[in-house]
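> Chain residues, written in single-letter form:
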Amino acid sequence: MRAPDLIRFARDAAAGNPLRTVLLVLAMSIGVASVVVLTALGDGARRYVVNEFSSLGTNLVIVLPGKSQTGGFNPGNAITNTPRDLTIDDAQALLRASAVRRVAPLAVGTSEISVGGKLREVMVAGTTAQYIDVRRLPLAQGRFLAEGDWRRGASEAVIGAKIRDELFGANPALGQLVRIGDRRFRIIGIMASTGQGLGMNTDELVLVPVSLAQAMFNSNTLFRVLVEANSRESIELAKSQATAILKARHEGEEDVTVITQDAVLATFDRLLGTLTLAVAGIAAISLAVAGILVMNVMLVSVTQRTSEIGLLKALGATGGTIRTAFLTEAAMLSLAGAVLGFLLGHAGAAIIRQLYPVYPAYPPDWAAIAGLGTALVTGILFGVLPARRAARLDPVESLAKR
Amino acid sequence: MMNEPLIALSGVERVFQLGDSEVHALHQLDLRIDSGEYVAVMGPSGSGKSTLLNLLGLLDRPNAGTYRLEGRDVTTLSPEEQARVRSERIGFVFQSFHLVPRLTAAENIALPMVLAGTAPSERRKRVDQALKDYGLTNRAGHRPNELSGGQRQRVAIARATIMQPAVILADEPTGNLDRATGEEVMRLLEELNGKGVTLIVVTHDAALGARAQRQLRMEDGELRQDSRQCAPRT
Ligand SMILES: Nc1ncnc2c1ncn2[C@@H]1O[C@H](COP(=O)(O)OP(=O)(O)O)[C@@H](O)[C@H]1O
Ligand SMILES: [Mg+2]
Chain V
-2 MRAPDLIRFA
8 RDAAAGNPLR
18 TVLLVLAMSI
28 GVASVVVLTA
38 LGDGARRYVV
48 NEFSSLGTNL
58 VIVLPGKSQT
68 GGFNPGNAIT
78 NTPRDLTIDD
88 AQALLRASAV
98 RRVAPLAVGT
108 SEISVGGKLR
118 EVMVAGTTAQ
128 YIDVRRLPLA
138 QGRFLAEGDW
148 RRGASEAVIG
158 AKIRDELFGA
168 NPALGQLVRI
178 GDRRFRIIGI
188 MASTGQGLGM
198 NTDELVLVPV
208 SLAQAMFNSN
218 TLFRVLVEAN
228 SRESIELAKS
238 QATAILKARH
248 EGEEDVTVIT
258 QDAVLATFDR
268 LLGTLTLAVA
278 GIAAISLAVA
288 GILVMNVMLV
298 SVTQRTSEIG
308 LLKALGATGG
318 TIRTAFLTEA
328 AMLSLAGAVL
338 GFLLGHAGAA
348 IIRQLYPVYP
358 AYPPDWAAIA
368 GLGTALVTGI
378 LFGVLPARRA
388 ARLDPVESLA
398 KR
Chain S
0 MMNEPLIALS
10 GVERVFQLGD
20 SEVHALHQLD
30 LRIDSGEYVA
40 VMGPSGSGKS
50 TLLNLLGLLD
60 RPNAGTYRLE
70 GRDVTTLSPE
80 EQARVRSERI
90 GFVFQSFHLV
100 PRLTAAENIA
110 LPMVLAGTAP
120 SERRKRVDQA
130 LKDYGLTNRA
140 GHRPNELSGG
150 QRQRVAIARA
160 TIMQPAVILA
170 DEPTGNLDRA
180 TGEEVMRLLE
190 ELNGKGVTLI
200 VVTHDAALGA
210 RAQRQLRMED
220 GELRQDSRQC
230 APRT
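One line per chain: the protein sequences are V and S, in this order.
According to the numbering used here, the residues represented by the first sequence are -2 to 399, in order.
According to the numbering used here, the residues represented by the second sequence are 0 to 233, in order.
If you are wondering where the hints come from, they were derived from the structure by calculation, not from laboratory data.
Treat the numbers as computed from the prediction; the structure is a model and nothing was measured.
For every residue, glycine included, the Cβ atom is placed at its ideal position computed from N, Cα and C.
Among the hints, a few may not be true.
To be verified - Examples of chain V residues toward chain S, derived with CB under 8 Å:
{"hint": "1", "residue": "D2"}
{"hint": "2", "residue": "I4"}
{"hint": "3", "residue": "A7"}
{"hint": "4", "residue": "E251"}
{"hint": "5", "residue": "E305"}
{"hint": "6", "residue": "L309"}
{"hint": "7", "residue": "K310"}
{"hint": "8", "residue": "A311"}
{"hint": "9", "residue": "L312"}
{"hint": "10", "residue": "A314"}
{"hint": "11", "residue": "V393"}
In isolation and in its complexed conformation, chain V is listed as follows (with noise of 0.2 Å):
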């Protein structure tokens, strides 16, 4: 037989009787559109949170006070069981690192702020005038944070726009005086909104000097030092050196974790990378259940058609034509389905970034083509044995069924 009758003939075979065929193409769908829709919200995961700590600042280093517990059993720490304090001195020490373009301080608490007799509970960050460009983050009005002596700070106020909102409305903000804890501060500064993220979100942030927020939450130490590398190639350097530097400060005693951007990110790639196979395995398995209905209906069709197999072999076809016209229609079936779930599959992700238009829920080009690989394989595979039983079929006896 040649191929295009081949084709031909499967595809008269597959419309005479269109309920079973509708069931197959469904299926073979369904499975496919699923392992496309969970690895698109897989993979999204992946970018999303790829993207957010992408946004947290470039060649980022970060200091951490204490040492992490991966460090292993530490004789100094056996000693004195309070960890030293990561202080403002040993922040701006990390400046004099060849490979460190900049540095900010940062020291965290939560307070209240009020103004014209509206108050809110807020969470204060202290920091300095290089926090805003180590973050990369936008302003919307005024200034940042004046550069100068870390240790003596103005009674400025940078806050973020949901803030703003919230306590001036339409009023203007800028230059205002607020309270913030038992202290008096001046807005000189709106941040930008920047939405949902990952990251410290600024939105209902406020911003002071370091010092200033040390004093308000009675405290010496930083929560964390963000560190900007001069380049990504010296990122690895701009650790070393830091971990060196405050490793000198402190009396020779490693007491601080230091951490790069990458690192973390990469941890969370592979993590999430992980997931998204997961969640592709579980979805193959709805292939595999069409891969049986495939194969149960094949065998109902045999059983259907073996007066026309009778009849195929009275007119001179070979058991090898009947399997291959059988297997022809599996996999025609199958790859109809394929096509139908992979269209599904990314119109449910168009769906779900419509809906969610933070989420990237693309899904990844080896899912894609995973997907339409199993479904054929699998199409083909279930066909095999109807197939086989038509070609076996005895032509006398299938003759003479009605």
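With chain V held as given, fit chain S with the ligands onto it using these hints.
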């Protein structure tokens, strides 16, 4: 090879196992049919006529004995080779027509050529000719359920002859037709025989059987009577 008959059966046995008992559908059958003959196979129901025809058409294998077709022992051929012989040398006509319901008359006629892999242009030519020969031109695009019994059997005959076989095997071809239509179908088959195709027809109908040059009478799987018994045996 001059004296080689088209069909030569010797000592053919066909036994069916029915539970514990054995049914001898064919028993010690010897038969020679020459090329171009017109043979009617008659006998009561269950006498083995269909079994004989299935054997001759290579749809079935004997349990014992040999079958030589055109001088070649075909009982030992592989299934693929047998399929090839069916495709090229044998045409079947069935009582219940056996048309594929989803295919049109023209497509049903073309089916043996499609299975054999004949080129589409050649197929179209031969189908057009067959439609003309059997008066089906204006029915070419109709499906079997849109055709009368006589038209269906004409499609089946066109299909059986489209590969230009050496022998046509017809198992009660008029069994599902009224008298007049049956006559017409027989005439078509006889015309084919007139052109040199060997024709073997199973029939219940004594009148139809009498039209053949040679009558075979079967009973209990045995050949009881052969109107050409005078033919010399070798
Ligand atoms: N597949 C089969 N299994 C068992 N017995 C069969 C089978 N086919 C035919 N027979 C038996 O073989 C005998 C001959 O059958 P058949 O050739 O169909 O007779 P006819 O065509 O002359 O009516 C009958 O007794 C029938 O019951
Ligand atoms: Mg019969």
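> Against each hint, give a clear statement of whether it holds in the structure.
Each hint tested on the structure:
A hinted interface residue such as D2 (chain V) counts as satisfied when its beta carbon comes closer than 8 Å to some beta carbon of chain S; here the least separation is about 5 Å, so the hint holds. Because the closest C-beta pair between I4 (chain V) and chain S is about 12 Å apart, greater than 8 Å, the hint is violated. This hint is violated: A7 (chain V) has a C-beta 12 Å from the nearest C-beta of chain S, more than the 8 Å allowed. About 79 Å separates the beta-carbon of E251 (chain V) from the nearest beta-carbon of chain S, more than 8 Å, and the hint is not met.
A least Cβ separation of about 6 Å between E305 (chain V) and chain S falls short of the 8 Å threshold, and the interface hint therefore holds. With a least beta-carbon distance of about 7 Å to chain S, the hint placing L309 (chain V) at the interface is held under the 8 Å criterion. Taking 8 Å as the C-beta cut-off, the interface hint given for K310 (chain V) holds, the closest approach to chain S being about 7 Å. Because the smallest distance between the Cβ of A311 (chain V) and any Cβ of chain S comes to about 5 Å, under 8 Å, the interface hint for this residue holds.
Annotation: L312 (chain V) was flagged as interfacial toward chain S, and the flag holds, the nearest CB pair being 5 Å apart, inside 8 Å. Because the closest C-beta pair between A314 (chain V) and chain S is about 5 Å apart, less than 8 Å, the hint holds. Nearest Cβ of chain S to the Cβ of V393 (chain V): about 5 Å, under the 8 Å cut. The hint holds.
The structure is inconsistent with the numbered hints 2, 3, 4, although it conforms to all the rest.
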